[in-house]
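K.L.:
Please work from the sequences and hints to get the whole structure.
Single-letter residue listing:
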Amino acid sequence: MSTPSQAGSDPLLLVEGLKHSFTEAGERVRALRGVSFEARGGQVTAISGPSGCGKSTLLYLLGLLDRPEAGEIFLGGRPMAQADDDSRTALRNESIGFVFQFHFLIKELTARENVALPLRKAGSGEEKALEQADRLLGQLGLGEKTERFANKLSGGEQQRVAIARALANSPSLLLADEPTGNLDSENSEKVFQLLLRFAREREIAVLLVTHNPDLAERCDQCLPMRDGLIALDLES
Amino acid sequence: MNSLSLKLALRFVFARKRAMSMSLLGIVFGIAFFVVTQAQTSGFEVFFIRTILGTNGSIRVSDRFQDLDGTVSKVSKDGSARFIFRSRENARYVEGIEYPQIVRQALEDFPQVSGISEILEGTAVLDSGSRKHVVQVHGLRIKDHLMVSDLENQVIHGSVERLASDRSGVLVGSRIAERLRLEPGDRVTLIGGTENEQLRVSGIFETGVSQIDKNRLYLDLSTLRSFLGKPFGGSVFQVSVKDPDAVAGIAAQMQETIGHRVVGWQEREKVWLEVFKALRVSSAITVSSILLLSGLGMFNVFAIMVIEKSRDVAILRSMGFTPRDVSAVFLWQGGIVLFAGILLGSALGFLTTYGISRIPLRIRGIFSTDSFVVNWDLSHYLWAALISTLFVGVASWIPARRAARIEPAKIIRETL
Ligand SMILES: Nc1ncnc2c1ncn2[C@@H]1O[C@H](COP(=O)(O)OP(=O)(O)OP(=O)(O)O)[C@@H](O)[C@H]1O
Ligand SMILES: [Mg+2]
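Chains as they are written, first to last, in numbering that gives the first Met the number 0: chain A, 0 to 235; chain B, 0 to 415.
Be aware that a few hints might be false.
So the derived label-pair ranges between C-beta atoms look like this [what the hints assert, rightly or not]: (1) LEU342(B) - GLY51(A): 51 to 61 Å; (2) ARG134(A) - LYS16(B): 46 to 56 Å; (3) GLY140(A) - LEU385(B): 51 to 61 Å; (4) ALA121(A) - LEU342(B): 32 to 42 Å; (5) GLU125(A) - TRP396(B): 20 to 30 Å; (6) ILE397(B) - THR22(A): 27 to 37 Å; (7) ASP83(A) - ALA277(B): 33 to 43 Å.
Pulled a few chain B residues facing chain A out of the computed Cβ check, cut under 8 Å [unchecked claim]: (8) LEU3; (9) LEU5; (10) LYS16; (11) MET19; (12) PHE320; (13) GLY392; (14) TRP396; (15) ARG412; (16) GLU413.
Since the hints were made in silico from the structure, they are not lab data. Ideal Cβ placement from N, Cα and C applies to all residues, glycine included.
P.N.:
Structure representation (structure tokens):
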């Protein structure tokens, strides 16, 4: 795995030997024990596995919200695991989008204002940011509800706003941790279709943690995890 | 990024109207109360200073002395000199001014001097026929004295002109006049000198400082000299200067030049001025406690808010907000409440001060006035703003710092 190039283009995301552990009540919990894989733009990668196998931990490391104990994360070829806080923060704003099981919308802001936040943080003016937010929300079927406050939307709508927010800065990597976990099957399907569509349209590498085997099967790549490792590595 | 943090702060503040208006109210009342109490205490102080300057003048030139730089050192038990004073304690004083003409000429050379009045002071008893009263008698030349005092405006019955034209005229303090039931034109007797002096009341004055109003008489210098049997010498000078605030320096300079004890009003009224200062400072401290309490209340609101908002902070961090951006959101919230508090508090303080100055209130204590005395001073508002900024600053800075330290991954993991 030392030469990243395999199928023509370099992978957008390259993960090598990622290890992470927590100390809980004096005991060391090894959440990740050496995870390696790669993901390409335009692909949706499903990560599945039993509860506690380290899926979320992996995603937070990839999202630069946490630092791994060992291993490296190459994002667009740049090693980010031990980069300084400022460049990690900047990269989160520019290149990474997050969607979680819980929507994490700010309830004091309207849908469009929530979506505009990462754009504003990236430096665009208020008006321009809001226009773009409206456009994104329109694409997600929320054109009528852009002025609604976040807590006045249904669960499915909130999750779609969260997706719009994750996509606002046109990230190259979208990390979704059970984004459909709180939704009924109809809304789950909607959200999944959206992720698939944006991955294709915008060449985004989507990492989707899901417990739903149906959805996992329909992804371009599937990484089953177990005990802090990717199960495929165990078998091979 | 600051405008974005400010915008978020505004939204957060307006979403918490009740908690925020309680904090705001505390600051508003604290500032208003601060301004009002300062306006009052310093109002009385300024009133006192104006009165005392208008009555006893800026500078008093008295006894001649010979040894200007007496040095006193205090030696402790082990023999080392612990304290060294420079003082005039060992100077030999000659009571009063011996050669008023010479001293007057020397004083007139000072460009800052705007008036010089020679005064002879003595103690006597005033007899109205039915009652007697111990009085401080000030003998002076009324024309000179009007240059160094506000006596003209202090006369409430009769007039200073009557004294100017009547060598046996006398101006009586209002409280003495009240006690002895005197009116202009009444005949009185001054007892206690070489021989009794028949006088006629020219007018009644009221300074507002009761210590003066209940003790003092003004009459002609030569009349008093003959009453006291002191044909010359022993007098003091009351000197007025153009800028009373610069007196300390001028007084020291005069003392060097003329070899007489020269005391400026600040030094002369030191005891009172210190009382006022203590009063002003202690009321400021007391009232600041209101601001402290509202600061504590605010701290509480913000501390809870940081916990409530930890999810929002986590997601903001995940989308690229720096810890500084996050703490700015919380600092701005404090800033918004503070800004509104200073504006509203100053306005309320201003209006209340105005209202209080209109309250008819007859005080006859150390002072006499007919309404609350207030002093309008921008520095009161600035101090109130400064103190509240300090408290609100701390009250929002600590939670803001805590918010900046939130670890997004931890919060997100705990939320799910
Ligand atoms: N902050 C923490 N402190 C201690 N242990 C932790 C912490 N976070 C995670 N763990 C442990 O690390 C392991 C992996 O956790 P992780 O959240 O990644 O699992 P997961 O695969 O996302 O599970 P789920 O499907 O339930 O979300 C678990 O054993 C968990 O108990
Ligand atoms: Mg998880």
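K.L.:
Against each hint, give a clear statement of whether it holds in the structure.
P.N.:
Verification of the hints:
1. LEU342(B) - GLY51(A): 51 to 61 Å: Since LEU342(B) and GLY51(A) have Cβ atoms about 55 Å apart, the given range 51 to 61 Å holds.
2. ARG134(A) - LYS16(B): 46 to 56 Å: 33 Å Cβ-Cβ, so the 46 to 56 Å window is violated.
3. GLY140(A) - LEU385(B): 51 to 61 Å: With Cβ atoms ~54 Å apart, the hint holds.
4. ALA121(A) - LEU342(B): 32 to 42 Å: Roughly 34 Å apart at Cβ, these two residues keep to the hinted range, so it holds.
5. GLU125(A) - TRP396(B): 20 to 30 Å: Cβ of GLU125(A) to Cβ of TRP396(B): about 28 Å, so the range 20 to 30 Å holds.
6. ILE397(B) - THR22(A): 27 to 37 Å: Check passed, 28 Å falls within 27 to 37 Å.
7. ASP83(A) - ALA277(B): 33 to 43 Å: violated (55 Å)
8. LEU3: holds (5 Å)
9. LEU5: Violated - the Cβ of LEU5(B) stays beyond 8 Å from chain A, reaching only about 12 Å at its closest.
10. LYS16: violated (12 Å)
11. MET19: Since the shortest Cβ distance to chain A is 13 Å, the answer is violated.
12. PHE320: holds (6 Å)
13. GLY392: violated (24 Å)
14. TRP396: Violated, because the Cβ-Cβ distance from TRP396(B) to chain A comes to roughly 21 Å (cut-off 8 Å).
15. ARG412: holds (6 Å)
16. GLU413: violated (11 Å)
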